[in-house]
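Student: In case you want the letters, here they are:
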Amino acid sequence: MKLDPAFIGEAFVKLLSAIPTTLAITFVSVGCGLLLGIVTALARIYRVPVLREISSAYVTFIRGTPMLTHLLIVMFGLPIAIDALSDSLGLSFRSVQVPMIGFAYVAFSLTAGAYMSEVVRSGLLAVNRGQIEAAYAVGMTTWQALRRIVFPQAFAAALPNLSNSVIGMLHGSTLAFTASVVEINAKAQIVASTNWKFFESYIAAALIFWGLTVVIERLTALLEKRVARYDRGGVA
Amino acid sequence: MGASIDISYVFDYFVKLLPAIGITLEIVVLSLLIGSAVGMLVALPRLYRVPVLQRLSQVYVSFFRGTPLLIQLFLIYYGLPELLKMVHADVSRTPVLVFVITAYALHSGAFISEAIRAAVGAVDRGQVEAGYAIGMTGYQAFRRIVLPQAIAVAMPVFGNLVIANLKDTSLAFSLGIMELTGKAQTLPTLSQRFFESYLALALLYFLLSFVLQKLLYRLERRLLRHEAADGRVSRRAKGRRVKDKDAAGRLNLTEEGALP
Chain P
14 MKLDPAFIGE AFVKLLSAIP TTLAITFVSV GCGLLLGIVT ALARIYRVPV
64 LREISSAYVT FIRGTPMLTH LLIVMFGLPI AIDALSDSLG LSFRSVQVPM
114 IGFAYVAFSL TAGAYMSEVV RSGLLAVNRG QIEAAYAVGM TTWQALRRIV
164 FPQAFAAALP NLSNSVIGML HGSTLAFTAS VVEINAKAQI VASTNWKFFE
214 SYIAAALIFW GLTVVIERLT ALLEKRVARY DRGGVA
Chain D
9 MGASIDISYV FDYFVKLLPA IGITLEIVVL SLLIGSAVGM LVALPRLYRV
59 PVLQRLSQVY VSFFRGTPLL IQLFLIYYGL PELLKMVHAD VSRTPVLVFV
109 ITAYALHSGA FISEAIRAAV GAVDRGQVEA GYAIGMTGYQ AFRRIVLPQA
159 IAVAMPVFGN LVIANLKDTS LAFSLGIMEL TGKAQTLPTL SQRFFESYLA
209 LALLYFLLSF VLQKLLYRLE RRLLRHEAAD GRVSRRAKGR RVKDKDAAGR
259 LNLTEEGALP
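So the protein sequences, as listed, match chains P and D.
Heads up, the first sequence is in my numbering, so the first residue is 14 and it goes up one at a time.
Heads up, the second sequence is in my numbering, so the first residue is 9 and it goes up one at a time.
Excised from the complex, chain P in its bound form (with noise of 0.2 Å):
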């Protein structure tokens, strides 16, 4: 068997139609995990009594194991507790009513809260203390402080590291195919298997997924400059 360049082409078109899925679940879980960070960030910035016990043991559980044992904990765990939790309350719904693709998204979200929780604290602790005491020197109140001084600033502070977290959960969504989620690496599977030229298929989704690494990478460069704008220094 020789290397087949056309069914390279073929591939990467067939796989075209999978990256909806994959992108899905990057944001998806990007974005709850970035809510479930910031509230778990604030909370052991904050040192809120139970909850920042709550948050480490959390970020270091997360942290300290797979995304792989995440996905398969929530898949194999959360139909029993949805069973469990409707037979209690008399409904009939069930687990296998939910599409799988969901129990990808609560795992992913989990395991990026994780992330991001360092992500945010990071991105807080970097701003320096003596912009808060101006903001209040102003007059402005704990809340403005935050929103128009604090937040912005730890924003251009931690967006690189948000980015490689970006990047690490796309990379990840590639673990959806446990779920049997068709993302582009499950799509890589199905294309090449009617005709066994696993790897040219796998070539264009390694290719695909460049791309859209690249792109998240040039697009983080770009919002680097405008929200670090305030960093420089000079006089104009």
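Some hints could be false.
[Unchecked claim] Which chain P residues face chain D? A few, computed with CB under 7 Å, are given here:
{"hint": "1", "residue": "Tyr71"}
{"hint": "2", "residue": "Pro79"}
{"hint": "3", "residue": "Leu81"}
{"hint": "4", "residue": "Thr82"}
{"hint": "5", "residue": "Leu85"}
{"hint": "6", "residue": "Ile86"}
{"hint": "7", "residue": "Gly90"}
{"hint": "8", "residue": "Phe168"}
{"hint": "9", "residue": "His184"}
{"hint": "10", "residue": "Thr187"}
{"hint": "11", "residue": "Asn198"}
{"hint": "12", "residue": "Trp209"}
{"hint": "13", "residue": "Phe212"}
{"hint": "14", "residue": "Tyr215"}
{"hint": "15", "residue": "Ala218"}
For the record, the hints were derived by calculation from the structure and aren't laboratory data.
Beta carbons are placed, not taken as given, at the ideal position from N, Cα and C, and that holds for glycine.
Place chain D on chain P using the hints.
Tutor: Chain D only, in chain P's frame:
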């Protein structure tokens, strides 16, 4: 599937998973050893700005950092035999584990090369110049002066890579390797207690990464010994002091009164 959760299965599976640690660690250790060598080779052209090779290693690093590990695993598993066939090497009898370790080595090689590049950049230029001044050759200065310091600087990043690599080995099951994850998927076929099995699996990974992290921290401290040799504070301690000083000037929301 059992409707309820039986915690005794978690312990049972935890014990049954223990023998599979061997193969997981085998992948981690071998791939990191090969990966370090690859990373070193890939970093050198970029450090010394070798014309064409520099470009090549850039592409290599970009590719392996820009594609998911799972795709790389399949790519090497299906592609390497094809490529080797072109040079008339038959690898159809080679165990799958070899391909898996190759994939992990190439993957971590890309990340290690970036770590090395950053670390060498962090070594003071005057160190190399001093090396040349006392008559060392370029190789001697690199090996005796730059590398030991760079390794110490790169240690925290390398530690993170080791942990990441450990967690990434969970993907090897997709090629049928019976490491921890593969084992955890086959153990409950009779009992159908998958949830308990995966819980035990997560616990085991957590313990492994915890222990590894402690070991790496020790190693890191040992490598930074030379910083404290002449009675001064070690770089780590210095770094910490700087950080603490910084932290004092940084946002502390509790003290700001943002917290009631």
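Student: Each hint should be assessed against the structure and marked as holding or not.
Tutor: Quick rundown of the hints versus the structure:
no. : hint   : verdict
1   : Tyr71  : violated, 12 Å
2   : Pro79  : holds, 4 Å
3   : Leu81  : holds, 4 Å
4   : Thr82  : holds, 4 Å
5   : Leu85  : holds, 4 Å
6   : Ile86  : holds, 5 Å
7   : Gly90  : holds, 5 Å
8   : Phe168 : violated, 14 Å
9   : His184 : holds, 4 Å
10  : Thr187 : holds, 4 Å
11  : Asn198 : holds, 6 Å
12  : Trp209 : violated, 9 Å
13  : Phe212 : holds, 4 Å
14  : Tyr215 : holds, 5 Å
15  : Ala218 : holds, 5 Å
In this structure, the earlier hints numbered 1, 8 and 12 are contradicted, and the remaining ones agree with it.
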